[in-house]
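Novice: Okay, here's what each chain looks like letter by letter:
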Amino acid sequence: MAVEGERRRPQLLRGVLDLCLLAIMAEEPTYGYELTKRLRDRGLSMVGGGSIYPLLGRLERGGLVETTRVAGEGGPPRKYYSPSAEGRRALAGGVAEWRATRDAVDALLGPVEVEVS
Amino acid sequence: MDEFLDACRREWRRLGVPDPVAAEMAAELDADLDQAREEGIAAEEILGDGIFDPVGFAASWAAERGVVPGSPPPRRTGRRWLPLAALAGFAVVTLVGVALAVLAFHGASVVAVAHAASPGLPGRALHGFTRHVGPPAPGLRPFAVTLLLVGLAGMAATAVLWVRSRSPRLL
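Just so you know, the protein sequences line up as chains A and B, in that order.
Quick note on the numbering used here: the first sequence kicks off at 13 and runs consecutively.
Quick note on the numbering used here: the second sequence kicks off at 33 and runs consecutively.
Possibly wrong hints are sitting among the right ones.
Said to hold, decoys possible - To be clear about the criterion: a stretch of chain A counts as covered by chain B if any three or more of its residues have a C-beta under 8 angstroms from a C-beta of chain B, and this derived list gives those stretches:
hint	stretch
1	38-46
2	84-92
3	95-106
As the list claims (entries may be wrong) - Derived, one-sided and incomplete: chain A residues facing chain B with beta-carbon distance under 10 angstroms:
hint	residue
4	Val28
5	Lys49
6	Tyr65
What the hints contain is simulated information worked out from the structure, not anything from laboratory work.
This one's a predicted model, so the numbers in the text were calculated from it and none came from an experiment.
Every residue, glycine too, gets a C-beta built ideally from N, C-alpha and C.
Using the sequences plus the hints, can you model the full thing?
Specialist: Given below as C-alpha cells:
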C-alpha cells in the first residue's frame, strides 16, 4: 500500500503540473531552474521523477507561453517564460476545472474516516 | 554534466533539430545546471529520472517542443530485428551442435547424447530418431557439447534481454 501511495502523488501532480507552471509564471516571468525551485518550495519537488523541460516545450509549442532572452548578471542569458494571453485563459479554465474536481473529490473523500488496525 | 549535454546535443543532431534551436535548448539547460551546481542542488532535482537517460530526455524535450522535423523512427525501431536475429543465430548454433553431437556420439545412438546431458531422461522414447551412418567421432564431442551449450545459453539470454527491453518504462 505504501508503494501505491508513492505512485499516486506523482500521478496526481502530473495532471495539473502545466497549471502549476503557468501559475508560477503568472506571478512573474521565470526561467526553468527557478520554476523547479519554486515548485519545490511549495512542496511539489517530486514531479513524478520527471523534468519540467519537456512540459515547458509543450507549453511553448501550444502557444501558451511567451519566451524572452534576458542577459544574466555576469552569467549566460536566461530564457524567461511567461503565460501568453491564451496561456492565461487556459490557466483560468484549468483552475476552474481543478476546483470543481477538488470539491467533488473532497465531498467524497473528506468525510471518510477509516480505522486501520 | 558536460557528458550529459553532449549526449543531448548528439541526439538533437540525430533527430534533425535545427542547430539554432538545439543551441538554445543546450544553453538553457547548461545555465540552469550551472546555477544548480553553484547552489548545491543535485542535477537530479532538475532533470529527474532523465539524468540516467540523456537520449530519452533530449528526444522527449524536442518532441514536446515540436522541433523534430518529420517523424523519424525511434532509435530502437531500427534495431527491433536484432533480438530476433540473435535468437535465430543461436538457434542455428544449437542445431549445428545437435547435429554434431549426433555424429560424435553415433554408435551409441542419439539416446546417449540425451543421457550424457541428462542421465535421468527416459531413453526409450528417443530410440529410432537416428540411424547409423558411420563410426562415432569422439574428437568432435567437446566441440559439439560446447556449441550446444553456447547455443542454448545464448537463446536463453537473448530471450531474457528481449523481454526486459519490451517492459514499459516510467517517464
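Novice: Can you confirm whether chain B covers the stretch 38-46 of chain A, using C-beta to C-beta distances below 8 angstroms and requiring at least three such residues?
Specialist: Coverage by chain B holds here, the residue count being 3 at a Cβ distance below 8 angstroms.
Novice: Counting residues of the stretch 95-106 of chain A with a beta carbon closer than 8 angstroms to any beta carbon of chain B, are there 3 or more?
Specialist: Three-residue rule not met by the stretch 95-106 of chain A, so violated; n is 0.
Novice: Hint check: is the beta carbon of valine 28 of chain A less than 10 angstroms from a beta carbon of chain B?
Specialist: violated (16 angstroms)
Novice: Under the criterion of a CB-CB separation shorter than 10 angstroms, is tyrosine 65 of chain A in contact with chain B as hinted?
Specialist: holds (5 angstroms)
Novice: Residue count check for the stretch 84-92 of chain A against chain B: does it reach three with CB-CB under 8 angstroms?
Specialist: Holds, because 6 residues of the stretch 84-92 of chain A bring their Cβ atoms closer than 8 angstroms to Cβ atoms of chain B.
Novice: Does the CB of lysine 49 of chain A sit less than 10 angstroms away from some CB of chain B?
Specialist: Cβ of lysine 49 of chain A sits 8 angstroms from chain B, so the hint holds.
In this structure, the hints that do not hold are numbers 3, 4, in rising order.
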